[in-house]
Amino acid sequence: MNEDFGKKKTINRNKIFAIIAIIIILIYVTYVVYLLIKQPTDTFTVENGTLYLEESAEGYIIRNETVVQGQNYKNGMEQIILEGEKAAKNESIFRYYSNNETGLKEKIAELDTKIQEAIANENTNIYSADLKLLEEQIDEKLDILNSLTEASKIEEYKKEISDLVIKKAKIAGDLSPSGSYIKSLIEERSTYEAQLNSGSEYVKAPVSGVVSYRVDGLESTLTPTDFNTLSKEYLESLNLKAGKVIATNEECGKIIDNFSCYIAVITNSEKAKEAKTGDSVTVALSESQALDATIAFTKQESDGSMLIVLQLDKLTEELINYRKISFDLVWWSYSGLKIPNGAIVEQDGLNYVVRSRAGYLDKLLVKILRQNDDYSIVTTYNTEELKELGYSTEEITSYKKITLYDEILINPNLENVE
397 MNEDFGKKKT INRNKIFAII AIIIILIYVT YVVYLLIKQP TDTFTVENGT LYLEESAEGY
457 IIRNETVVQG QNYKNGMEQI ILEGEKAAKN ESIFRYYSNN ETGLKEKIAE LDTKIQEAIA
517 NENTNIYSAD LKLLEEQIDE KLDILNSLTE ASKIEEYKKE ISDLVIKKAK IAGDLSPSGS
577 YIKSLIEERS TYEAQLNSGS EYVKAPVSGV VSYRVDGLES TLTPTDFNTL SKEYLESLNL
637 KAGKVIATNE ECGKIIDNFS CYIAVITNSE KAKEAKTGDS VTVALSESQA LDATIAFTKQ
697 ESDGSMLIVL QLDKLTEELI NYRKISFDLV WWSYSGLKIP NGAIVEQDGL NYVVRSRAGY
757 LDKLLVKILR QNDDYSIVTT YNTEELKELG YSTEEITSYK KITLYDEILI NPNLENVE
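Residue 554 in the working numbering sits at position 158 of the sequence shown, and the numbers go up by one each step.
Be aware that one or more of the hints could be misleading.
[To be verified] Think about it this way: if two alpha-carbon atoms lie no more than 20 Å apart in a straight line, the pair counts; the simulated DMTMM-like pairs of lysine to aspartate or glutamate are:
no.	residue 1	residue 2
1	K600	E479
2	K600	E647
3	K600	E481
No lab work stands behind these hints: they were computed from the structure.
Please construct the entire structure, taking both the sequences and the accompanying hints into account.
Right under this line is the structure:
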C-alpha cells in the first residue's frame, strides 16, 4: 500500500515539474515573441540609392511669345516652317493663299499635262545632254517623292519637279519643229503662276525662335514681363485644364523665345514656404524626362499658399503644346549609401547603426546627409570631423566605417553592442 502511494506521489511530482516546465517554456516563448515585436532582428543590406523630396503639382506655362498675323488671314494659310521648328528673323514662316488659288492651281495643272503630252508626242532625233540630265533629275526626285510622308517636304519636291519639267519643256521647244506650241503653253503657265505668287501673302518672323501655330489668346497675358501681376485668383480664373492640348490656329502663328520658359505653380507645401529665388529644383514631366529649373520668383498669397515661378532653359513638346500641365516638382535629390531610418539609433546627439558580420556586432558612427520619412543617405566622418567630435588619435585609427553591402540591424539595441 505504501509502495503504491509512493509511486502515485512520484507521478504527481513529475506532472507538477512537467507543468512548471511547460509554463516556463511558454513564458520564455512569449517573452521572445515580445522582444521580436519590440526589437525585430531583421537586417538590411546597405546599398547605393537616391532619395527625393518631391510633390505633385500643376503649373501654368508662361512663355515670351510674339503672335504674327497678316492681312489676308481669311484666305486660309499654308505652313512653310512646321510646328516646333526654328525660324530666323525675317524668314517666311507661312503664307496666306491668293484669292483664286484653287482655280489658278487647276489651270496650271492642266497646262502641265499639255506640256508633258507635247514633249512626249515630239518625235525628234536631236540629242541634248541637258535634256537627258533633266530627265534623270526628274526621275530621281519622283523616287524620293514616293517615299515622303511629311506634307511640307512633299510640296517642296512637287515644286522642284514642276520646275524641272518646265526647264525640260523649254529645251525641247527650242529643239523641236513644233517648239512654238510648247513655248506658248509655258508662257501661259508662267502667267498663271505669276498671278498665284502675286496674290499670296508671305508672313515673316519678326524675331528668331520656335514656330508654333497653337495660339490660345493668352500670349499677351501670361508673359514673363512682371510676375507680380500673377496671383492664385487670376490663374484659377483662367479655368484651364491640365493636359489639354492648345488647338492649332488656321489664321495666325507665333514665335516662341527658345531661350527661357516659365511655369507658375501654386502650392501649400512647407518646402515651398522655405524656397528662395535662385534655388535649383527639377521638373519631372515623366519618368524619363526631367528638366533642371531655377526658382525665378516667389510670393505668398493671402490664404497662405505660395506662388512660385520656375525658370527652364529648354523648350519641350509639353511646354509648347500645353498651357497647363501636371508634373512632379522635385525639391532635392541626393545619392549615396541608402539605409532605412529604422536602422539608425541616436545616442548623445550622434547617430549609429549596428553591423552584423560573421556573428559579431559592431556599433558604427554614421553621418546623415539627407533623410526623408523612410530612408536616409549616410556616410562616414573624416579625420577632421572626428577630431571636432572629441575622438582621440587611437579612436580615430580604430574608427569602423559603414560600407556598401554591409548587413545592418533594423531597430538595434545599442546595449547589446560593445
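Each hint, compared with the structure:
Note on K600 and E479: the hinted pairing holds, with a Cα-Cα distance of about 15 Å set against a maximum of 20 Å. A hinted pair counts as satisfied when its Cα atoms are at most 20 Å apart, and K600 with E647 qualifies at roughly 14 Å. About 14 Å separates the Cα atoms of K600 and E481, which keeps this hinted pair within 20 Å; it holds.
Against the hints set out earlier in the document, no violation occurs for any number.
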